[in-house]
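**Student:** Here are the chains, one letter per residue:
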Amino acid sequence: MINNDSKVLLEVKNLKAEVAGVEILKGVDLTVRAGEVHAIMGVNGSGKSTFSKVLAGHPDYTVKGGTAALDGKDLFSLAAEERARAGLFLAFQYPVEIPGVSNNALLRLAYNTLQNERGLEELDPLEFEDLVQEKIKVVEMDPSFLDRSVNEGFSGGEKKRNEILQMAILEPKLAILDETDSGLDIDALRIVANGVNSLLTPDNAVVMVTHYQRLLNYIVPDYVHVMDSGRIVKTGGKELALELEARGYDWVRAAA
Amino acid sequence: MNLTKEQCFEQLLLGKDVKSEGWLAAIRIDALERARSLHFPSERHDDWRFTDMSPMFQHGFQPVGSFARLALADIGKFSIPGSIRLVFVDGYYDAGLSDLAQADAGVTVASLVERSGDQQIEAHFSRHVPYQQDAFAALNTRFFEDGAFVNVSGEVAAPIHILHVATRRETPSAIYPRCLVVMGKNSRATLIEDYAGIGDGVYLSNAVTEAVLEEHSQLQHVRVQREEKNAFHIGHGSVVAAKGSIYTSTSLAFGARVSRHTLHITQQGEGAEMHLNGLALISGRQIADTHTRIDHAVPKGKSVQLHKCIADGASHAVFSGKVIVHTGAVGTDSVQSSRNLLLSGKAHIDTQPQLEIYNEDVSCKHGATVGQIDADALFFLKSRGLDDVRARSLLTHAFAAEIIEKIPVPSLVESLDRTILDERMKVGE
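In order, the protein sequence lines correspond to chains A and B. To convert, note that position 129 of the first sequence is 129 in my numbering; the numbers rise steadily by one, no gaps. To convert, note that position 138 of the second sequence is 138 in my numbering; the numbers rise steadily by one, no gaps.
You may find that some hints are simply not true.
[Said to hold, decoys possible] Sample of chain B residues at the chain A side, in silico, Cβ under 7 Å:
hint: 1; residue: F40
hint: 2; residue: A101
hint: 3; residue: E215
hint: 4; residue: P299
hint: 5; residue: D376
hint: 6; residue: F380
hint: 7; residue: K382
hint: 8; residue: S383
hint: 9; residue: R384
hint: 10; residue: G385
hint: 11; residue: L386
hint: 12; residue: D387
hint: 13; residue: L394
hint: 14; residue: A398
Simulated from the structure, these hints should not be mistaken for lab results. Glycine residues also receive a C-beta, built at the ideal position from the N, C-alpha and C atoms.
If we strip away everything but chain B, and leave its shape as in the complex, we get:
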């Protein structure tokens, strides 16, 4: 089926009539209206002009009407030992595959639908993501089937693993993962959002995550996008950070034919810290786009960002990172760095670090580099007996490792390392 962009959008708008009650029903109605009037962003839109979404527009994505039953063994390769695990299959919560045994009194990890009466949900859900301006976020808000609700009040030792798995369907499917995280005062947690597929299906995973950090809370937020190679992934994250809170994001994009991740962080209280680590590692005809925006709205905020793109084959990586220091945000300290590795003459990387400063008395730095595999390092490794493919894989992985090693979960670091090295060896052969 080859559709036009308009037909693709109309198909998404048809969606499935997911029912809600009360305040949420009102939001869903509003979101559909917003989506309808916004439509897909135009190719000329400043935020989208680098990213060719046309491969996605050819498909008519259908809502998923039935629940696919998976066995524990099917998701084994994604599992993180010792974690609190919440599993969603094609957007539906799967209690059987989930494992909440590690959850203690300091944390609630549950299905959004099951907890829909929770006051925290009503207070925060859809309040932070700007679905009024973003068609994809609006579509998610209208059509999400279920999602994760993570409410942390204490210090949670076990990592919280939110695993979204897409299965292969007869027709291309539209899936709407959703997540709301509320970090209470002084709370600490590590959250891993994991987007994966089984069976090489064609699907659109259109995800929205909102995270609220109350005073002096700390969230380690890991995001792994390892969708199937014919999938499309659009993700939107909105984070608000209160006084003294520390938000650390490590976001990895490996999969999907076309992916886009937008992360927007707003510093709302004095002295909040934001650490953003990003990596896109792609090959073939993949397109991976990362857009980040940090708003320093109040004094003494700190943000440190390192984003890396590695592009092989005829792939295209995009990074656009905006840091905005608003009037009154004195004492802001911001460093942003974009480092990029081109592995092929046909690959393409666009990087746009941007600083907007409306204030004096700030320290802001940014920079970008694009390079290739270091010839001296390559020769050194060959002189120790490693063949060309192995040596390049090792150096590519080493470039990626600086980001991956920021993940505070050793077993996940190890499994990602292994996957990357194996994949690089395959790409090289």
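Bound-form chain A, shown alone:
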């Protein structure tokens, strides 16, 4: 929902970044306001996944120039965990399996870390149980997944649902969904999309990074950006995604 009077949650200016000495982002500009849903589309290697990892603070990527502010806070002066506590959330394209760390214990630890940050009381295991049972409905997940190790032995769809469950628990200001639709069958895609939609409020925002238009049928974007060679080369409304689906990316790249 576009409201040009709402507050700016993410302001990225002329962002340049490299990985292993290779420049990937070559000057990205993006403004996201509260209440908005953005989609960043592009071919493989265009830099869209790099963009999400740079914002989240992945150690393999080096910022070489530009700025990024989350709700007015300079992101690049914060460690990855401080960005998360400031309200940034990254749903991973390939969620990592962590044998030996229970899903429920991690969720509670992460939640209580945020509660501390906000100056609020931590929840004990019983209180947290009530919260998590409520949130788990958002992604239609079987509660038995809570007692299992994080993502261990989960199917692709279950892993993505688990990411959205984490988002539901942490209630970020800005969520970046990196290729959340990859590897999902149509039922899982619908569940994940419903989950994300139910979490949208006028006070938060979502940036979806995706290759295909498919996801955007379920989570309807206010803005669609096309990334190419490390820059955003075109911005439009949701109809741009349909045009990309029909015509491919070459015409945008040719025009850019």
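On the provided structure of chain A, position chain B as indicated by the hints.
**Tutor:** This is chain B only, laid out in the frame that chain A set:
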């Protein structure tokens, strides 16, 4: 006091004249002679070359001459609810701290000295541990003050907790924990050997355990070494497994400045199964050495071993695991895996899985890996708001948890989990 290796050994040989009668007196005399002629193993000895014992040799360990009185509250943090508990303080049996209320007709749990007339003791005591070749086992056999005798004939539901506590003394002390377990035919039990200290003393805990598994018996054998940080721990376990028996060992090494645990299992009857789970989790300047040996001497034996070392700081972990499949041991099925986690650039892990096969028609596999904290997992946890120390603690604990969770006593698993996470947080700060 800074001693040489020779002086340290001489001091141990002086010991204390622990009196016994009859067959045991003869064994004690023999053991002292063996110890004297064996001496400490040389640094060049193949089984000892990885392990720097020199921090131990600086001390003159004295026998403990008097009984330290502890209150129940002093050992509260080690207690396991619902267990049959036998407590030894500095090697002496403490009946007051022990709790045998849960022991039923299917089990005898008692002081070795009090039960010294028992035929099972005479039949098995010192018959399985090769003290003739091992100076530390010989010293224990000569100088042990008392020990635990566990004789199981039925199915024992309550875990049996043998707790050894070392107290702080004026001078470094030498303590000789001893344990004999006899599992009768078809019997089942869970045994927890627990080595701990109170008051940060300097001591040598030199332990020997023998376990006899008769036909179709099952023993869950847990060993927790959580000695004080300036302590030295040498442990020797010998297990013999008869036909159809199942022996499961879960051995954890957390404490001591230098520790060494040797576990030797001999499959004596067809179809015996052995499951060995091991974990060393150390930091600072700690050294933890685990040597295991499994002898498949008869057909259709099965052994499954997973050993993990986690080394932080400038610590040094050693694992040497030998599986020997003897002539005639056809149909042996053995898997051995050594997995290791290095948490610091100064830490060091030596791992040596070894297979010796003198036979055809066997299935034997082994492997070893050494790795560091997974960078993707670390970033994931940070992206969920966890700081570096917390995230590393969680991942380190997760690596350890696979072993700890093999312990069939939930309250012990829980308390160890908590201790490890707390310790890791402290190490990280």
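**Student:** Under the constraints set out in the numbered hints, which ones does this structure not fulfil?
**Tutor:** Checked against the structure, the hints that fail are numbers 1, 2, 3 and 4, while the rest are satisfied.
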